[in-house]
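S.K.: Chain by chain, the residues run as shown.
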Amino acid sequence: MSESGTAAKKESARKTVKKVTTKGSDEASLNMSELRELAELVDKHGFTDFEFENEKIRIRLSKQTTAPQIVQAVAPVANHPVAPVVHTAPPKVETPHPGAKAETEASHDEDLFKITSPIVGTFYSSPAPDKPAYVSVGDKVNEATVVCIVEAMKLMNEIQAEVAGEVIKVYVENGQPVEYGQPLFGIKK
Amino acid sequence: MRFTLLRYDSIDSTNTEAINQAKRGAEEGLCIVAREQIAGRGRHGRTWVSEKDAGLYFSLVLRPKIEIRLLPLITLMTAVAVHQAIESAFKIECDIKWVNDIHVDGKKICGILAETVETEKGLAVIVGIGINLKSSNFPPELAETATSIEKETGADPNVETFLPVLTSFFEKYCDLLYEDAAKIRAEWSQRSSYAFGKVVRIMLENETIYGTTRGIEENGALRLELETGELRIIHTGEVEQVRQVKSKK
Numbered sequence: 001m002s003e004s005g006t007a008a009k010k011e012s013a014r015k016t017v018k019k020v021t022t023k024g025s026d027e028a029s030l031n032m033s034e035l036r037e038l039a040e041l042v043d044k045h046g047f048t049d050f051e052f053e054n055e056k057i058r059i060r061l062s063k064q065t066t067a068p069q070i071v072q073a074v075a076p077v078a079n080h081p082v083a084p085v086v087h088t089a090p091p092k093v094e095t096p097h098p099g100a101k102a103e104t105e106a107s108h109d110e111d112l113f114k115i116t117s118p119i120v121g122t123f124y125s126s127p128a129p130d131k132p133a134y135v136s137v138g139d140k141v142n143e144a145t146v147v148c149i150v151e152a153m154k155l156m157n158e159i160q161a162e163v164a165g166e167v168i169k170v171y172v173e174n175g176q177p178v179e180y181g182q183p184l185f186g187i188k189k
Numbered sequence: 001m002r003f004t005l006l007r008y009d010s011i012d013s014t015n016t017e018a019i020n021q022a023k024r025g026a027e028e029g030l031c032i033v034a035r036e037q038i039a040g041r042g043r044h045g046r047t048w049v050s051e052k053d054a055g056l057y058f059s060l061v062l063r064p065k066i067e068i069r070l071l072p073l074i075t076l077m078t079a080v081a082v083h084q085a086i087e088s089a090f091k092i093e094c095d096i097k098w099v100n101d102i103h104v105d106g107k108k109i110c111g112i113l114a115e116t117v118e119t120e121k122g123l124a125v126i127v128g129i130g131i132n133l134k135s136s137n138f139p140p141e142l143a144e145t146a147t148s149i150e151k152e153t154g155a156d157p158n159v160e161t162f163l164p165v166l167t168s169f170f171e172k173y174c175d176l177l178y179e180d181a182a183k184i185r186a187e188w189s190q191r192s193s194y195a196f197g198k199v200v201r202i203m204l205e206n207e208t209i210y211g212t213t214r215g216i217e218e219n220g221a222l223r224l225e226l227e228t229g230e231l232r233i234i235h236t237g238e239v240e241q242v243r244q245v246k247s248k249k
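Line by line, the protein sequences are chains A and B.
Read in this note's numbering, the first sequence has 99 at position 99, and its numbers run on one by one without any break.
Read in this note's numbering, the second sequence has 110 at position 110, and its numbers run on one by one without any break.
Just so you know, these hints were derived from the structure itself, not from any lab.
The reader is advised that the hints may include incorrect statements.
[Stated by the list, open to error] Pulled from the structure, derived: some chain B residues nowhere near chain A, Cβ distances all over 12 Å:
1) P140
2) D156
3) Y178
4) E217
[As the list claims (entries may be wrong)] Example chain B residues on the side facing chain A (calculated, C-beta under 10 Å, incomplete):
5) G45
6) I68
7) L71
8) P72
9) L73
10) V99
11) G111
12) I112
13) L113
14) V117
15) V125
16) V127
17) N206
18) T208
All of these numbers come straight from a predicted model, not from anything done at the bench.
Idealized CB from N, CA, C, for every residue including glycine.
When you get a sec, could you build the whole thing from the sequences and use the hints?
M.R.: Structure below.
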């Protein structure tokens with residue numbers, strides 16, 4: 001368990017059920033306990049991303065920060081979209097990063113390049129508490145731009161953007177514990 | 001490892017200079033040593049008091065040949081090297097407070113801060129060390145919590161004889177880290193009273209927790225058993241021995 005252990009107990013999951021077909025919908029959708037079981041299994045094995053797909057169903061679990069995100073989608077695309085059927089927890093409310101600008105509608109999460117943490121530690125958005133953040137939403141970066149620090153055992157790891165583009169999302173907050181491979185920023189190349 | 005010492009009378013920060021040298025291609029083993037720092041740095045932009053000849057201000061460039069996830073062990077390795085160098089050169093009994101503060105009777109005598117930097121030659125780690133040589137000019141807020149070599153030995157410390165001792169222990173423990181990281185963890189645990197069974201409080205970013213130390217993880221993180229029995233793994237945060245905190249009140 002890490003510093004985020006306690007926070008992880010406050011499990012909050014965001015689930016979106018995209019267009020569910022009426023044809024064969026019973027076989028296609030998972031029931032709640034099955035979904036929970038799956039999420040727990042994925043969490044237990046420390047995956048940050050899990051995807052399963054067959055002819056009828058596609059499930060993608062993505063763990064960002066401490067909150068598992070569950071997206072269920074069923075193929076083929078339905079004629080009659082139905083209301084979301086899965087509710088285990090209130091939707092995750094994302095706290096906007098200080099100085100964050102409105103996201104453009106086109107910036108879908110999956111299209112973004114994710115800058116991930118190379119190490120387990122604590123995320124710092126600025127070099128010192130009284131200094132401005134290295135980068136904010138809307139900033140342009142290049143490969144060598146320092147975007148944050150991840151501290152572990154008093155080793156300050158400077159994280160570079162690795163790609164050129166625009167900062168669209170900041171997934172973590174200043175001072176937050178981060179895991180290996182956890183997405184920190186979303187960059188539109 | 002071949003050590004090259006660059007000596008400065010006065011510099012902004014030895015770590016900043018070492019970072020610049022690493023970016024310009026400096027090899028592993030380059031040391032920046034200064035008699036004075038104009039802008040000595042601690043964690044999170046804090047100032048490291050660095051008056052002329054009052055401390056040893058030293059930064060080392062490393063190009064580590066270990067896995068990224070184990071990089072934090074460099075700061076534990078540094079603590080082991082400095083701990084042994086001070087004990088050996090000045091005959092002072094020291095302790096290591098997690099993760100890499102060197103203490104004498106609960107007072108800080110040395111602080112260590114490491115930083116990574118991407119260079120054309122690959123990742124470099126800059127290890128910065130500040131050892132208090134003299135404490136006569138300590139500001140009042142430091143006088144209670146810090147000590148110096150001069151205060152502990154009653155003599156004027158000789159930097160010129162200490163530097164080769166320090167670099168030789170660096171060489172020894174750096175090689176040990178590259179060869180077998182488990183040995184560095186063992187060396188650290190042997191020298192730190194904080195490794196096992198210490199009742200501490202830890203100030204994290206948003207909370208203060210209490211517990212008993214239960215050794216260190218593979219990467220040097222501290223295992224802490226809370227009063228509830230829950231085990232927490234600590235990567236950052238200020239650790240304080242609880243008994244000392246209470247006795248001050």
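S.K.: A separate judgement is required for each hint: does it hold in the structure or not?
M.R.: Results of checking the hints against the structure:
1. P140: At roughly 23 Å from the nearest Cβ of chain A, P140/B sits farther out than 12 Å, so the non-interface label holds.
2. D156: 30 Å, holds
3. Y178: It holds; Y178/B is separated from chain A by about 16 Å at its closest Cβ, greater than 12 Å.
4. E217: 9 Å, violated
5. G45: 3 Å, holds
6. I68: Since the shortest Cβ distance to chain A is 5 Å, the answer is holds.
7. L71: 6 Å, holds
8. P72: 4 Å, holds
9. L73: 8 Å, holds
10. V99: At about 5 Å, which falls below the 10 Å cut-off, the nearest Cβ of chain A leaves the hint on V99/B intact, so it holds.
11. G111: 9 Å, holds
12. I112: Status holds, d = 7 Å.
13. L113: Holds. Min distance 6 Å.
14. V117: 6 Å, holds
15. V125: 7 Å, holds
16. V127: 9 Å, holds
17. N206: Interface hint status for N206/B: holds (7 Å vs cutoff 10 Å).
18. T208: Violated, because the Cβ-Cβ distance from T208/B to chain A comes to roughly 13 Å (cut-off 10 Å).
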